[in-house]
Each structure stands twice: as structure tokens, then as C-alpha cells.
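Colleague: Read top to bottom, the protein sequences are chains E and R.
Read left to right, the first sequence gives residues 14 to 349 (the working numbering).
Read left to right, the second sequence gives residues 102 to 532 (the working numbering).
Worth flagging that the hints you see were computed from the coordinates, not collected in a lab.
A portion of the hints provided could be inaccurate.
[Claimed, not checked] With a Cα cut of at most 27 Å, we get these calculated DSS-like pairs of lysine-lysine: (1) E:Lys119 to R:Lys441; (2) E:Lys303 to R:Lys136; (3) E:Lys258 to R:Lys120; (4) E:Lys50 to R:Lys169; (5) R:Lys261 to E:Lys63; (6) E:Lys63 to R:Lys213; (7) E:Lys44 to R:Lys213.
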Amino acid sequence: SEDPKQLIQDRKEWADLEPVPQDDGPNPVVKIAYSDKFTDVYDYFRALLKNDEKSDRALLLTAEAIELNAANYTVWHYRRVLLQALEKDLREEMRYITAIIEDQPKNYQVWHHRRMVVEWLNDPSEELEFIAEILSQDAKNYHAWQHRQWVIKEYKLWDSELEYVEQLLEEDVRNNSAWNQRHYIISHTTGYSDPAILNREVQYSLKQIKKAPHNESVWNYLKGILQDLGLSSHPGLLEQILELKETHCSPYLLGFLVDIYEDFLENTLEHHEEVLSKALELCELLAREKDTIRREYWSYVGRSLQTKYGSSDSSTTTSAPGSDSGSVHQETPCSS
Amino acid sequence: MESVSSPLRCFGECHTAEKYTDDGVETVTSVEQRKVERSIQEVVSVYKQIHSLPPTLLRDQHYQYLKKGLRHLSDAYECLDASRPWLCYWILHSLELLEEPVPTAIASDVCKFLARCQSPTGGFAGGPCQAAHLAPTYAAVNALCIIGTQEAYNIIDREKLLSFLFSVKQPDGSFVMHIGGEVDVRSTYCAASVASLTNIMTPTLFQDTPTWIVSCQNWEGGLGGVPGLEAHGGYTFCGMAAMVILGKEHMLDLKSLLRWVASRQMRYEGGFQGRCNKLVDGCYSFWQAGLLPLLHRALFKGGDSTLSLQKWMFEQQALQEYILLCCQNPAGGLLDKPGKSRDFYHTCYCLSGLSVAQHFGNMDLHHELIVGREENRLVIVFSSLQAPSHPVYNICPEKVAQAIQHFHQLPVPVPAQKEGSSACNTTTDHS
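Produce the complete structure using the sequences and hints provided.
Modeller: In C-alpha cells form, the structure reads like this:
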């Protein structure tokens, strides 16, 4: 077998093949100063492609090409063609791709390749453990989560996932990917329509809020699960939040209150003026003091609420800044 | 036009109060966030002591870095050997933002190189003799439109490009990135961008695509790469921009999208994060901040009368400060955050984001807020879609208009094949 340290051009097993140099043309642009090794391997890869060679040495060469640039999707595609044409042992390929992903977990092609092999084998049995291993090194690796969601959905491996999510949230309650996974699992299994489930999730969220009130993920999750039904529809929630405001306040809590009040305005006719005025006060507090980085946004929210729910007498300050007061339809930025 | 040469937001006495509150509960997320904040604090404090000048865009240094890279790249770029049209686009777009002209000879050389990257079956590949892929296709078409000569436009084989798009189209409305490749929302943006610029849109090409994109919007309000995934700035931009091109932006929940993206601006750093509870990164200056002009336009189209007439719904000054103080390499090039290396991707997107933060509005109503000196001002990044100007394509508006005008003189090609090559196609695609 071949010595990987030797250039291909010096290996006797390749003597019959004429390498194909890359043709960038006479005046190249974005010309990369490839190492000799890189040039050597890819000159031979191009030769294989040109001849459509399907052989074991071709398969070996794809591994060398991948090692030099794991993002070369043309090489990966060719490798898959070879695996099928040569009827290679896919268990061995699983071992190979496992090692590559461990080494380069933030690459698209490696994960896609693993998915193809799992599909061909129709065997997801190693996946959850493998992905958990990768996530133990980087709990937010987007590709890992994508692969995990695919495996779970495709092979119906829902059963132990909520437990896994809870473990991750135990380790880092701020792991937004884990919160997303929580939503994914529940939406695809029990759903949130069952009041017992919804309440369980609301209680779980409130518990996490009390532990770390400035964790944006949990506030987003709480809103996310309640918004379809309506934030104002969940009994006692407003009161609980107002209570939390005294001891566990945060810009997220204040924003959540704005959302509850807005939902209330959307769905009830009573106490409009009072609720609107509370919402506007919060928007102003957020814009002016508590969440100033989002000043423009909160000012907009305030103006929108005022326009939508304000009575016609109290609309003196609804004009967007920069316009003549009252003439909101003139000279707006996107005039057609 | 305002030029903010005095109080920087990050010098303000309230700035330190914006640091992360970990509630006494340390996790990996909070530890990493605090590390970044410390490094930003360091940069800001050094800047306070050393510089009496307002923050400066290092135009000359960036220009030299870009000019060199357009010809030669070190072996550190071997990892981008399957993305060379991207390198062309990132560099050319950065140059156009800096208003540096590309000499005619090199522009022609870029055209000839991209012609070698074009696949015989349509679309562009990451390099000569590689397989066609939607990402380098997007980059190549954008780069050719930036060059904007007849030679550039003539490189694109529109008939074959259309058949390539059909070949990667999936029954559910999505697109795979390449034959035998993965699906995610980037592909819809790449496809919609090139199809609209080169005038090859047919009635069925994007059938079911808007519905598929909508299914990528999640409980957070942003979009994930595929349905079910966490909301992410890059994918959200791609999805939203594709919807704008397809005229279907109102199918998205714009209100929750707006809330999500506005929440991605970091209160201390001033730049944007890609996902909730992750770290700031200069490239999100475009992917995230660039959403606000798109949303502004979409909301306006939907009848919203309360939109600002002067500002986008993010803190423009804070973003500019982050980019100028924290994302510039003194030797040229821009980067993710202090401590990271420069690269052409970050150079392109930091500069693109800087342009979004500097300019509000379209050609009719223009309002500028330039942090630092007047010389920091960049060219506008917006493109016109029949009326308003917004960063859908991320090339300068004149180039978009010119390209659209050119290609609309040509007839839409008749599709030779219908959608259908599945992801399981095993034939090799090589030249």
C-alpha cells in the first residue's frame, strides 16, 4: 500500500496516469499559492475525473484530496460514486467519516456525507451517541444539530431526546440550540395544545427564569410557546410576571410585559386605555433607559401600538420622527 | 447629513452598565460572552488613550490588501479552493464599497477566470473542472454584475443556468446546493438572486419555494437553515432576501422577524450576534443589520405608517463603532472580532454592514449618519427593486440596475428540462 508522505507523482502505483494541471488561464486571478502536495494530489484527482476512473486507488486519492480541502464538494461527490460503484464496506466508511467529523466538525460536506452513508446503511444506531459526543465539544454546532434533527425525524428516535435536552440545559441553561431542540421535540410529539403539556413547559420556563433572569433564551421560549394561543390567555401569567418584576427584573421581562399587553389589546375590548398606557410606558422605559441599543425599535413599537389602539384624540405623537407632524403619508422613504 | 465626530457611544459613562449580567450563574455561554466583552473593553480603552482622532476606516490599507488578494493568495487559502468565485465577489464588492475602480485588464481577467469556472451543464463551480454549485453561482453572477461590461454579461450561459437551476430544484420547493448535495435556505437565495438578475425566471421555477421558506421561520421569529432548526442570521437573511425577490415577503411573520433581528444587536459590543446567546461577529453586520432595510421596505409596502423616516430599527452608530474600532486589521482587511485573523469574507461583510449602518433610505430620501470622519463614508449598498433601494443583492445599486436592464432585453430561455434530478443522482458532473 501507498506511502502518504510520497507525492503521487513518485508513487509507482500511479505511473500510468498522466496528471492534469489546473488551467486557470494565462492571467489568473485569486490565484492560490498551493503547496507542492496540494498541486500533486489535485492534478491526479483531475486526471481521475477526466477518465472517470473507478478504482480503489481513486478512493484512496479522494481521502488525500479531502484531507487537503474537506470543503471540496466535487471530491466528496466522486467519493460517493466510487463507494457505490466499488461496493465498498460502508461500516468502514462510517469509521472514516466519524474521524473526519471529529477533526473538522464545522464543515457542510462531512455531515452531508455521513447522512448519505447512514441512509445507504439504513442504520442510525450510532448517530445519537456520536452527535452527543460532538456536542459535548461544542454544544451549539449548527451542523450537528441539523444532523440530529434529521436522524430523529427520519428514524423516529424521539423517545429519549427530551431527557437529553434537559441534560444540556442543566449544563448550560443559556444554550439556545438546546431550547430550540426542546421546542422541536415537543412540537413533533405531544404538541403544545394539551394544556397539561403547555403548563408544564410554562412552569419549567418560569423556574429557569428565576434561576437566571437575564437569560434571553428562556424568555423567547416562553413567548414562543404561548404566542399562538395568546400571551394574555394564559391564566395568572401576567400576575406572575408582575411579581417577578420586583425581584427578577430584566429588559426581557419588560419586553415580555409589552407583549402580554399587546396581546391583551388585540383580544379584549375592556381597559384599552389603561393597558395601552402601560404598554407605551414600558416601550418608553425600554427605549430611554433599559434597552437603549434597541431604542429605535421600541420607539417604533410604541408608535405602532398608539396608532393601532390609541383613540383618535390621543394621536398627537403618532407621526414617525422626521415627518411634518400629522402628515405621515408624505415623503415616506419607500415612495413608489 | 450628520457626521458624529465627538461622543462615541462606547466612550459614554453608561456603556459599562451594558455588560452581560450572569445572575451569578456561570455557564459556558456567559463565560465566553464575558471574555469577549473584556477584549472589547480593552480595545475601547486603548483607543481612548491613544487616539485623539475620530475612528477611521483604514481605506488605503484595505485597498492594498484587496488589490493583492485579487491576484495572489497564500496557501492559507487552500481551504477556499472550492470557493474561488466567492473570493472574486468578496474582493470586488469590497473594492466597489471603497469606491476603488478595478482596472479594465484585471476585470477582463476575472471574466475569463469565471468563464473557466462555468460548468458545461450550467451554473458555476468553485474552480475550473469542479461541479456546479449554487453558492459559487451566486458569487460569480454577482462578481460579473459588479464588473458590468458586455464581456462580463456575455460569460453567463443563461440557457444552461436555467437548466442547472431546474436540476437542483426539489419537489417541496427547496433547492439542493449542488447535484447530490444538501438542502438549506441559502440555496433559495442563490437561485432567486441569479435568476432575477439574469432574467431567467419562469412561472414554475420557484413554485412552492415561498411556502418552503416560510416553513423555515421558527418560534424565535428568525429563520433556520431548514425547517426545525435554530434561527440564524445568515439563513434569515437568505430567506428574507429570497422572499423579497419573489415578491412574497408578506407570507413571513414580519413582526416576529423584526423582534428577533432587533434583539440580535449586542448591547455592549454594538455589533450583531448570529444566534441568541452566541457571540458577536463582524460578518453579521451585514447578514443581520441588512435585514432591517428589507423589513422596513416590507412593512412600508404592507401599509405601515409609523416607520421612521430617518433611521433603521437598529443602533447605527453602535454598529459603526464596533466595526471601526474592533474589526479592522491595521495592515488592512477586516475581521470577526478582536483576536481573530482577517479574511476576505469578513472584509466584504463588515464593509457591507458599515454601508448599511451609514445610509438610510433610497435614492429619493437619503439620510446619512457617518461615524468618525467624512472620509469613512462608503458607497451605498442598496439595490432597487422597481422602486425602493435595499441590500437584497449586496452589490451597488447602479450595477443591479444595469444588469437587470441588460438581461431584460433578452428573452427568458425556454426550459429544456423540468425539475427533478433528485439528490440521489450519482453521475459525476465534471468537465
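Colleague: It remains to establish, for every hint, whether it holds in the given structure.
Modeller: A quick look at each hint next to the structure:
Of the pairs offered as hints, the one joining E:Lys119 and R:Lys441 holds, with about 17 Å between alpha carbons and a cut-off of 27 Å not exceeded. For the hint pairing E:Lys303 with R:Lys136, the CA-to-CA distance comes to about 23 Å; that is within 27 Å, so the pair holds. Between E:Lys258 and R:Lys120 the alpha-carbon distance is near 20 Å, which keeps this suggested pair within the 27 Å criterion. For the hint linking E:Lys50 to R:Lys169, the alpha-carbon distance of about 24 Å falls within 27 Å, and the restraint holds.
Distance restraint check for R:Lys261 and E:Lys63: the Cα-Cα separation of roughly 21 Å lies within the 27 Å cut-off, and the hinted pair is therefore satisfied. Among the hinted pairs, E:Lys63 with R:Lys213 is consistent with the structure: their alpha-carbon atoms are about 22 Å apart, no more than 27 Å. Of the supplied pair hints, the one linking E:Lys44 and R:Lys213 holds, its CA atoms being roughly 13 Å apart against a limit of 27 Å.
Hint violations for this structure: none, all hints satisfied.
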